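Residue numbers (the numbering used here), protein chains in the order written: chain G, 1 to 380; chain Y, 1 to 380.
I should point out that these hints are in silico values taken from the structure, not numbers from a laboratory.
Because the structure is a prediction, the values reported are computed rather than measured.
We put the beta carbon where it would ideally sit given N, CA and C, even for glycine.
Hints are not guaranteed to be accurate.
To be verified - Chain G is nowhere near these chain Y residues, computed Cβ spacing over 10 angstroms in every case:
no., residue
1, ASP211
2, ASN271
3, ARG293
Stated by the list, open to error - Listed below are several chain G residues computed to face chain Y (Cβ distance under 10 angstroms; list not exhaustive):
no., residue
4, LEU77
5, ALA78
6, ILE126
7, GLY279
8, ARG284
9, SER289
10, GLY297
11, LYS302
12, ASN345
What the hints assert, rightly or not - Okay, derived cross-link-like pairs now, EDC-like style, lysine to aspartate or glutamate, Cα gap no bigger than 20 angstroms in a straight line:
no., chain 1, residue 1, chain 2, residue 2
13, G, LYS302, Y, GLU129
14, Y, LYS342, Y, GLU218
15, Y, LYS302, G, GLU17
16, Y, LYS2, G, GLU129
17, G, LYS252, Y, GLU153
18, G, LYS302, Y, GLU17
19, Y, LYS128, G, GLU17
20, G, LYS128, Y, GLU26
21, Y, LYS252, G, GLU17
22, Y, LYS302, G, GLU129
23, G, LYS302, Y, GLU105
24, Y, LYS302, G, GLU270
25, Y, LYS128, G, GLU300
26, Y, LYS343, Y, GLU358
27, Y, LYS13, G, GLU270
28, G, LYS128, Y, GLU300
29, Y, LYS128, Y, GLU17
30, G, LYS128, G, GLU311
31, G, LYS343, G, ASP353
32, G, LYS2, G, ASP52
33, G, LYS128, Y, GLU23
34, Y, LYS128, G, GLU26
35, G, LYS13, Y, GLU153
36, G, LYS343, G, GLU218
37, G, LYS2, Y, GLU129
38, G, LYS128, Y, GLU17
39, Y, LYS128, G, GLU23
2 protein chains.
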Amino acid sequence: MKIAVLGYGTVGKGVYEMIMRTEGLETGPVLVLPAECTEDFMVTDIRYILEDGSVDLVVEAMGGVEPAGSFCRDVLLAGKHLVTSNKAMVAEYGIELAEIARKREKGFLFSAACGGGVPYLHNLSIAKESDRILSLSGILNGTTNFILDAMQENGSSFEEALAEAKALGYAEADPSADLSGMDSFRKILLACAVTYGKQPCLAADVEGICDLTADDVEVIKERGAAVRLIASGGLNDDGSIYAFVEPKLIFKGMERSVRRNFNCASYKGENSGLITLFGQGAGRYPTASAVLRDITGIAEGKLGMMPEGCEKTGEINGSVQNYFVRCMSEDSNGFHVKEVWKKHNGTVSFITDAQTVEEMHKKAEQIRKEGRRIFFAAVE
Amino acid sequence: MKIAVLGYGTVGKGVYEMIMRTEGLETGPVLVLPAECTEDFMVTDIRYILEDGSVDLVVEAMGGVEPAGSFCRDVLLAGKHLVTSNKAMVAEYGIELAEIARKREKGFLFSAACGGGVPYLHNLSIAKESDRILSLSGILNGTTNFILDAMQENGSSFEEALAEAKALGYAEADPSADLSGMDSFRKILLACAVTYGKQPCLAADVEGICDLTADDVEVIKERGAAVRLIASGGLNDDGSIYAFVEPKLIFKGMERSVRRNFNCASYKGENSGLITLFGQGAGRYPTASAVLRDITGIAEGKLGMMPEGCEKTGEINGSVQNYFVRCMSEDSNGFHVKEVWKKHNGTVSFITDAQTVEEMHKKAEQIRKEGRRIFFAAVE
Numbered sequence: 001m002k003i004a005v006l007g008y009g010t011v012g013k014g015v016y017e018m019i020m021r022t023e024g025l026e027t028g029p030v031l032v033l034p035a036e037c038t039e040d041f042m043v044t045d046i047r048y049i050l051e052d053g054s055v056d057l058v059v060e061a062m063g064g065v066e067p068a069g070s071f072c073r074d075v076l077l078a079g080k081h082l083v084t085s086n087k088a089m090v091a092e093y094g095i096e097l098a099e100i101a102r103k104r105e106k107g108f109l110f111s112a113a114c115g116g117g118v119p120y121l122h123n124l125s126i127a128k129e130s131d132r133i134l135s136l137s138g139i140l141n142g143t144t145n146f147i148l149d150a151m152q153e154n155g156s157s158f159e160e161a162l163a164e165a166k167a168l169g170y171a172e173a174d175p176s177a178d179l180s181g182m183d184s185f186r187k188i189l190l191a192c193a194v195t196y197g198k199q200p201c202l203a204a205d206v207e208g209i210c211d212l213t214a215d216d217v218e219v220i221k222e223r224g225a226a227v228r229l230i231a232s233g234g235l236n237d238d239g240s241i242y243a244f245v246e247p248k249l250i251f252k253g254m255e256r257s258v259r260r261n262f263n264c265a266s267y268k269g270e271n272s273g274l275i276t277l278f279g280q281g282a283g284r285y286p287t288a289s290a291v292l293r294d295i296t297g298i299a300e301g302k303l304g305m306m307p308e309g310c311e312k313t314g315e316i317n318g319s320v321q322n323y324f325v326r327c328m329s330e331d332s333n334g335f336h337v338k339e340v341w342k343k344h345n346g347t348v349s350f351i352t353d354a355q356t357v358e359e360m361h362k363k364a365e366q367i368r369k370e371g372r373r374i375f376f377a378a379v380e
Numbered sequence: 001m002k003i004a005v006l007g008y009g010t011v012g013k014g015v016y017e018m019i020m021r022t023e024g025l026e027t028g029p030v031l032v033l034p035a036e037c038t039e040d041f042m043v044t045d046i047r048y049i050l051e052d053g054s055v056d057l058v059v060e061a062m063g064g065v066e067p068a069g070s071f072c073r074d075v076l077l078a079g080k081h082l083v084t085s086n087k088a089m090v091a092e093y094g095i096e097l098a099e100i101a102r103k104r105e106k107g108f109l110f111s112a113a114c115g116g117g118v119p120y121l122h123n124l125s126i127a128k129e130s131d132r133i134l135s136l137s138g139i140l141n142g143t144t145n146f147i148l149d150a151m152q153e154n155g156s157s158f159e160e161a162l163a164e165a166k167a168l169g170y171a172e173a174d175p176s177a178d179l180s181g182m183d184s185f186r187k188i189l190l191a192c193a194v195t196y197g198k199q200p201c202l203a204a205d206v207e208g209i210c211d212l213t214a215d216d217v218e219v220i221k222e223r224g225a226a227v228r229l230i231a232s233g234g235l236n237d238d239g240s241i242y243a244f245v246e247p248k249l250i251f252k253g254m255e256r257s258v259r260r261n262f263n264c265a266s267y268k269g270e271n272s273g274l275i276t277l278f279g280q281g282a283g284r285y286p287t288a289s290a291v292l293r294d295i296t297g298i299a300e301g302k303l304g305m306m307p308e309g310c311e312k313t314g315e316i317n318g319s320v321q322n323y324f325v326r327c328m329s330e331d332s333n334g335f336h337v338k339e340v341w342k343k344h345n346g347t348v349s350f351i352t353d354a355q356t357v358e359e360m361h362k363k364a365e366q367i368r369k370e371g372r373r374i375f376f377a378a379v380e
């Protein structure tokens, strides 16, 4: 099987190396930008790959929605299998690409787009065939977990922890998609699509960690909890789905043992019970290993993981939880306060009575619109 | 697809129920002992199943090596697919059954035999196709984990914890295979067979938890560690394999978060890094869910997980570790003592210098032959 690669960054280079080392696989051309074209095997025009009849499969590892999405469509239309690690692109075009792949009887897999080296989507696509998957959840972003872990364990400020993550290569130059929770949300969105054939909308309840302070961590630590950024998804009783991302105070849960930039991803099957997978959610070789698994899967006839008829749908986040909130004293009136944890410098931190996810996110949005700060986290 | 079941105990009954509830699957006859033959769908002679041309697949959930093994051979020879949850039987006959299945182009899967609801063997059989699996390890026995957790958290004695496990249905009437570590060893043996095509011998370095006392747990707890029973396997540098079971003192590892009767199972891929799976290692529905996954897998064309040419081989447990040992003072002379932890009533507990797994297990065997007690555990 001859394989072309689009992009020669962290993941693309790892994939290229691994294809070279793997028996039965052969490297084809690698698409790069003109300025990066330094090797014989590199090309700068996608047409060289599309028109190369000897290329059986294309790995897209460019990142970004476009031109990656258009290239991927052309790859499938040219009758080649497609494997991608690009979550933003699959969130946008995955359903359409799956349709094309199905009609052409070509493979389209994207394991590396959710969980990196952790085989989450693969296990979901297997488990849902013989079990009813009730819910999904996980720590799906290594950058934010590294920051939270550093703040918790070393007492670092948010800024210090972010700087350390950047220095170690765990955070990109522009980490906003990570910090805002959007990266985690795109991943749970893909997990919902694979599991339920329903893909939530991007304009959802997504809360990141930008507003967490060292003081918050201190207060939370004193009560015996740790903060983790958790993506959740699942089935509501009426058959609709829920999907959201928010920080969570973990007292005893497994998520607490997820250190540094590791990921964990769980599903709860009606029969299997809770299954949790831990591993490296990013990095060259872990991510490339997920791409290689997909390539091997296609070679063995596993062509798809996006269910037929998958549709984009709204999500309903109506489940209720208690929340930890830290806000200005004046804003606390908007909450049913169950227990005050700390008052300090005009701010107050407290636990709320149970309220829906939607309510909580809306309240925070309103407070921020008025120019004031708030941090909140669900309570385990 | 019509499916017959051999055995109607915990697992067999769960499988039967789940088949009834699953679209596309149909229940066939269930083999039981004459005394248990209470329903129309039950038969007491395997020939009714072997000669029933409408049965496509047989699930063996009888337990025990015989007659299960002979029945399984006959099932495959009769041209039917085979799925089993029976680790003792697969450890004995798995290689032979895989050969027959391969020749007849029939499916033979046994996911439920290792990890219960945790899809460990499935993930190993996928991961090894595109990665080099360097090592395997895990908590593969829920009964012993429940006992260790109860001793650690509640200060129970071994006997109290065992009684509680029995009362809750987490330990069988005769728990000796669990307590001795043999159940864990059979499971890591299957993981080695699936991953490396080499199946270790049963007469190996297997240490259970029978000799652990509440005093030991107290001493270990004071130092900040917890005891877990860990099964290990992997590749030696010379291409031979290692495989052993022994208690381990965990200070920080993930295994520490495995509570009650849960399992965890890890593999380290050269590219993927460490991947860990957590979940319920036993119980009716978790185990039956693994059987159902195998059935679905066979329906979709995944016929085998035992590699072609898999062979039984000796294992070489030459890696070195430090050990925690508690023994009679007179026996401590046989060890290079690095640090004494406690002296009490003629016994001493200490940490040894690094020594090989084989040496440690041999020393303990010798001491027990002379009628004296010893407990030991590797140090993380």
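Status of each hint after checking the structure:
With a least CB separation of 28 angstroms from chain G, ASP211(Y) remains clear of the 10 angstroms interface cut-off, as annotated. Listed as outside the interface, ASN271(Y) is inconsistent with that label: its C-beta sits roughly 4 angstroms from the nearest C-beta of chain G, within the 10 angstroms cut-off. At roughly 5 angstroms, the least C-beta separation between ARG293(Y) and chain G is not larger than 10 angstroms, which violates its mark as non-interface. Of the supplied interface hints, the one on LEU77(G) is violated, with its beta-carbon coming no nearer than about 27 angstroms to a beta-carbon of chain Y, more than 10 angstroms.
The closest approach between the C-beta of ALA78(G) and any C-beta of chain Y is roughly 24 angstroms, which is over the 10 angstroms cut-off, so the hint fails. Taken as an interface hint, ILE126(G) checks out: its beta carbon lies about 6 angstroms from the nearest beta carbon of chain Y, inside 10 angstroms. The closest approach between the C-beta of GLY279(G) and any C-beta of chain Y is roughly 4 angstroms, which is under the 10 angstroms cut-off, so the hint is satisfied. Given hint, ARG284(G) at the interface with chain Y, holds; its Cβ is 9 angstroms from that chain's nearest Cβ, closer than 10 angstroms.
Nearest Cβ of chain Y to the Cβ of SER289(G): about 4 angstroms, under the 10 angstroms cut. The hint holds. Hint on GLY297(G) holds. Least Cβ distance to chain Y is approximately 8 angstroms, under the 10 angstroms limit. A cut of 10 angstroms between beta carbons decides the hint on LYS302(G): the least distance to chain Y is about 8 angstroms, and the hint holds. Against a cut-off of 10 angstroms between C-beta atoms, the interface hint on ASN345(G) is violated, since the closest Cβ of chain Y lies about 36 angstroms away.
In summary, the hint linking LYS302(G) to GLU129(Y) is supported, as the alpha carbons are separated by about 14 angstroms, within the 20 angstroms threshold. With a C-alpha separation of about 11 angstroms, the suggested pair LYS342(Y) and GLU218(Y) falls inside the 20 angstroms cut-off, and the hint holds. As the CA atoms of LYS302(Y) and GLU17(G) are separated by approximately 28 angstroms, the hinted pair breaks the 20 angstroms bound. Using a Cα cut-off of 20 angstroms, the hinted pair LYS2(Y) and GLU129(G) holds, with the two alpha carbons roughly 17 angstroms apart.
This hinted pair checks out: LYS252(G) and GLU153(Y) have alpha carbons roughly 13 angstroms apart, not beyond 20 angstroms. At most 20 angstroms may separate the alpha-carbon atoms for a hinted pair to count; LYS302(G) and GLU17(Y) exceed this at roughly 28 angstroms. Proximity of LYS128(Y) to GLU17(G) is assessed by CA-CA distance (about 17 angstroms); at most 20 angstroms being required, the pair is judged to hold. Restraint check for LYS128(G) and GLU26(Y): the C-alpha separation of about 19 angstroms stays at or below 20 angstroms, so the hint holds.
Straight-line distance between C-alpha atoms of LYS252(Y) and GLU17(G) comes to about 34 angstroms, which puts the hinted pair past the 20 angstroms bound. Between the alpha carbons of LYS302(Y) and GLU129(G) the distance comes to roughly 14 angstroms, so the proposed pair stays at or under 20 angstroms and holds. Distance hint between LYS302(G) and GLU105(Y) is fulfilled; the C-alpha atoms sit about 19 angstroms from each other, no more than 20 angstroms. Simply put, LYS302(Y) and GLU270(G) have alpha-carbon atoms about 24 angstroms apart, too far for the 20 angstroms limit, and the pair is violated.
As the CA atoms of LYS128(Y) and GLU300(G) are separated by approximately 14 angstroms, the hinted pair is consistent with the 20 angstroms bound. Only pairs whose Cα atoms come within 20 angstroms are accepted, and LYS343(Y) paired with GLU358(Y) is rejected, the gap being roughly 26 angstroms. A threshold of 20 angstroms between alpha carbons decides the hint, and for LYS13(Y) with GLU270(G) the separation of about 16 angstroms falls inside it, so the pair holds. At roughly 14 angstroms between alpha-carbon atoms, LYS128(G) and GLU300(Y) fall within 20 angstroms of each other, so this suggested pair holds.
At roughly 33 angstroms between alpha-carbon atoms, LYS128(Y) and GLU17(Y) are farther apart than 20 angstroms, so this suggested pair is violated. For the hint pairing LYS128(G) with GLU311(G), the CA-to-CA distance comes to about 17 angstroms; that is within 20 angstroms, so the pair holds. For the suggested pair LYS343(G) and ASP353(G), the alpha carbons sit about 18 angstroms apart, so the restraint of at most 20 angstroms is met. With a C-alpha separation of about 10 angstroms, the suggested pairing of LYS2(G) with ASP52(G) holds against the 20 angstroms cut-off.
A hinted pair counts as satisfied when its Cα atoms are at most 20 angstroms apart, and LYS128(G) with GLU23(Y) qualifies at roughly 13 angstroms. At most 20 angstroms may separate the alpha-carbon atoms for a hinted pair to count; LYS128(Y) and GLU26(G) meet this at roughly 19 angstroms. With a C-alpha separation of about 48 angstroms, the suggested pairing of LYS13(G) with GLU153(Y) is violated against the 20 angstroms cut-off. In summary, the hint linking LYS343(G) to GLU218(G) is supported, as the alpha carbons are separated by about 13 angstroms, within the 20 angstroms threshold.
Note on LYS2(G) and GLU129(Y): the hinted pairing holds, with a Cα-Cα distance of about 17 angstroms set against a maximum of 20 angstroms. A hinted pair counts as satisfied when its Cα atoms are at most 20 angstroms apart, and LYS128(G) with GLU17(Y) qualifies at roughly 17 angstroms. Proximity of LYS128(Y) to GLU23(G) is assessed by CA-CA distance (about 13 angstroms); at most 20 angstroms being required, the pair is judged to hold.
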